[in-house]
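Trainee: Work the whole structure out from these sequences, hints included.
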Amino acid sequence: MIQLIRGFKDILPGEVELWQYIEKTARSLFEDFGFKEIRIPIMERTELFARSIGEDTDIVEKEMYTFPDRKGSLITLRPEATASVCRSYIQHKLYSKDPVQKYFTIGPMFRRERPQKGRYRQFYQINAEIFGVDSPLVDVELIFLLVTLFSRLSVSDVEAHINSLGCPECRPKFNAVLSDFLTSSTGNLCSDCVRRKDRNPLRVLDCKVPACREAMAHAPSILDYLCPACSQHFETVKTALDAMNVPFTIDKRLVRGLDYYTRTTFEIQTGSLGAQSAVAGGGRYDGLVKALGGPDTPATGFAIGLDRLAEITGLNCNDFIKTPDIYLAALGEKSLSLAFEWKSALCLEGVKTEMDFGDKSLKSQMKRADRLGAKHVLIVGDNEIKQGSVILRNMTTKEQVTIPIEHVVENIKAKLRS
RNA sequence: GUGGGUGUAGCUCAGUAGGUAGAGCACCAGGUUGUGGCCCUGGAUGUCGCGGGUUCAAGUCCCGUCACUCACCCCA
Numbered sequence: 001m002i003q004l005i006r007g008f009k010d011i012l013p014g015e016v017e018l019w020q021y022i023e024k025t026a027r028s029l030f031e032d033f034g035f036k037e038i039r040i041p042i043m044e045r046t047e048l049f050a051r052s053i054g055e056d057t058d059i060v061e062k063e064m065y066t067f068p069d070r071k072g073s074l075i076t077l078r079p080e081a082t083a084s085v086c087r088s089y090i091q092h093k094l095y096s097k098d099p100v101q102k103y104f105t106i107g108p109m110f111r112r113e114r115p116q117k118g119r120y121r122q123f124y125q126i127n128a129e130i131f132g133v134d135s136p137l138v139d140v141e142l143i144f145l146l147v148t149l150f151s152r153l154s155v156s157d158v159e160a161h162i163n164s165l166g167c168p169e170c171r172p173k174f175n176a177v178l179s180d181f182l183t184s185s186t187g188n189l190c191s192d193c194v195r196r197k198d199r200n201p202l203r204v205l206d207c208k209v210p211a212c213r214e215a216m217a218h219a220p221s222i223l224d225y226l227c228p229a230c231s232q233h234f235e236t237v238k239t240a241l242d243a244m245n246v247p248f249t250i251d252k253r254l255v256r257g258l259d260y261y262t263r264t265t266f267e268i269q270t271g272s273l274g275a276q277s278a279v280a281g282g283g284r285y286d287g288l289v290k291a292l293g294g295p296d297t298p299a300t301g302f303a304i305g306l307d308r309l310a311e312i313t314g315l316n317c318n319d320f321i322k323t324p325d326i327y328l329a330a331l332g333e334k335s336l337s338l339a340f341e342w343k344s345a346l347c348l349e350g351v352k353t354e355m356d357f358g359d360k361s362l363k364s365q366m367k368r369a370d371r372l373g374a375k376h377v378l379i380v381g382d383n384e385i386k387q388g389s390v391i392l393r394n395m396t397t398k399e400q401v402t403i404p405i406e407h408v409v410e411n412i413k414a415k416l417r418s
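Numbering follows this note's numbering, with no gaps: position 28 of the first sequence is 28.
Source of the hints: derived by calculation from the structure; they are not laboratory data. Careful, some of the hints might be misleading.
Derived DSS-like pairs (lysine-lysine); straight-line CA-CA distance at most 27 Å [said to hold, decoys possible]:
hint	residue 1	residue 2
1	Lys375	Lys386
2	Lys415	Lys360
3	Lys24	Lys36
Now the in silico label distances, taken between C-beta atoms and shown as ranges [unchecked claim]:
hint	residue 1	residue 2	range
4	Ser28	Asp98	34 to 40 Å
5	Asp98	Met1	50 to 56 Å
6	Glu31	Ser135	20 to 26 Å
7	Asp296	Glu61	27 to 33 Å
8	Lys386	Ser28	50 to 56 Å
9	Ile405	Gln3	46 to 52 Å
10	Met1	Asn188	48 to 54 Å
For each residue, glycine too, the CB sits at the ideal point set by N, CA and C.
Mentor: Written out as structure tokens, the structure reads:
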């Protein structure tokens with residue numbers, strides 16, 4: 001038997017309905033907030049991701065599905081969506097009509113990590129991006145949108161965490177201070193962090209090794225080193241969140257693994273997903289559009305882990321599964337072909353109709369109707385045809401009525417409505 | 001990439017000191033010659049993850065391998 005690829009998964013009927021509901025809820029919220037859907041390809045030139053996410057990040061270094069196509073150019077299965085949306089914004093000069101553009105997109109991403117709870121090699125994200133606004137208020141809008149979506153989906157046990165990473169103005173200063181601090185406490189750090197402290201010192205801040213956490217307890221906080229503009233930005237984020245009654249905690253260790261983030265970063269965290277605490281994350285990336293060759297455009301966005309969201313939602317899959325309105329139980333060949341005609345007509349009328357195509361006993365057909373959750377069963381056999389009427393049984397009340405064969409479809413529709 | 005746990009029927013799992021497999025649920029049929037859920041009776045189902053080794057004999061012991069899973073790492 002051929003099995004699916006490791007870390008990939010099928011989303012089967014029964015679960016798909018829940019995903020559809022989540023997507024529907026998200027779409028309608030996005031529309032209400034003025035976001036437009038954008039669909040971007042699943043592969044890009046490798047260079048796009050390498051340049052935007054950062055050459056030194058784990059994603060680019062060891063997690064991307066990268067391979068040469070038949071002509072030898074390197075392409076990559078997208079590990080995230082923001083880079084592509086930026087590329088599209090630039091390539092199609094979407095800023096020309098109005099620099100302010102708000103997009104959302106839903107689709108699969110690919111990272112070749114070791115699978116575990118809440119982590120797959122093909123996973124799904126709901127992304128939102130806002131281009132052309134540098135006001136901190138849009139950062140707040142994104143967080144507010146996330147919190148609203150989660151509450152609409154009955155997700156509990158989530159918390160918004162926020163931080164600021166500064167800008168090219170202030171971050172280097174902080175990095176220098178942090179490096180000094182790290183060097184002075186090298187002895188207490190884990191081997192990974194010793195390596196990290198030179199290449200990407202920020203990352204040491206969110207190491208989970210207890211010894212590192214302890215060593216980092218007195219590490220300098222970037223929040224103390226923000227330049228006046230970044231500091232003002234962060235203050236506004238906080239007061240606006242308060243004003244909108246969005247609870248949050250400031251998490252100075254919230255660093256995030258992509259190089260393009262500036263200023264505000266945030267995560268929605270949950271305790272229900274084992275080691276994977278982030279259900280959604282995002283932040284501002286003011287330098288990215290320019291770095292990719294577009295106009296100097298501020299931007300901010302987030303990604304929701306759809307797989308993770310589906311796992312922690314309080315909604316029940318069963319509430320979304322559709323059951324047949326009516327099941328046609330036919331006895332004998334003549335009845336079968338008649339029932340088949342009616343079934344097709346009913347389906348066209350929007351009445352969800354099922355039937356058995358074999359030569360089964362009434363008992364077994366009733367059993368299947370029950371199993372499928374059919375609300376009614378229509379019994380048609382030789383007797384009924386002779387008498388010119390069929391029997392409609394309500395499966396919950398067990399009530400049976402006869403209805404004339406003439407204009408059955410209309411008659412059934414009328415009965416089901418009442 | 002590293003470590004732990006687990007692989008036996010469609011599902012959940014037993015399998016005792018090595019003696020070529022079992023339960024519950026689900027499925028099918030009948031009891032009810034044309035009426036579902038409850039009950040009763042009967043039935044089908046397995047390359048015991050895969051490959052190799054030890055043995056007269058391996059689901060059981062040994063080695064390897066693969067998959068799933070959880071954790072590290074990292075992130076959504």
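Trainee: Run every hint past the structure and note whether it holds.
Mentor: So, going through the hints one by one against the coordinates:
| no. | hint | verdict |
| --- | --- | --- |
| 1 | Lys375 with Lys386 | holds (26 Å) |
| 2 | Lys415 with Lys360 | holds (26 Å) |
| 3 | Lys24 with Lys36 | holds (14 Å) |
| 4 | Ser28 with Asp98: 34 to 40 Å | violated (23 Å) |
| 5 | Asp98 with Met1: 50 to 56 Å | holds (53 Å) |
| 6 | Glu31 with Ser135: 20 to 26 Å | holds (22 Å) |
| 7 | Asp296 with Glu61: 27 to 33 Å | holds (28 Å) |
| 8 | Lys386 with Ser28: 50 to 56 Å | holds (52 Å) |
| 9 | Ile405 with Gln3: 46 to 52 Å | holds (50 Å) |
| 10 | Met1 with Asn188: 48 to 54 Å | holds (51 Å) |
Of the numbered hints given earlier, the model fails hint 4 alone.
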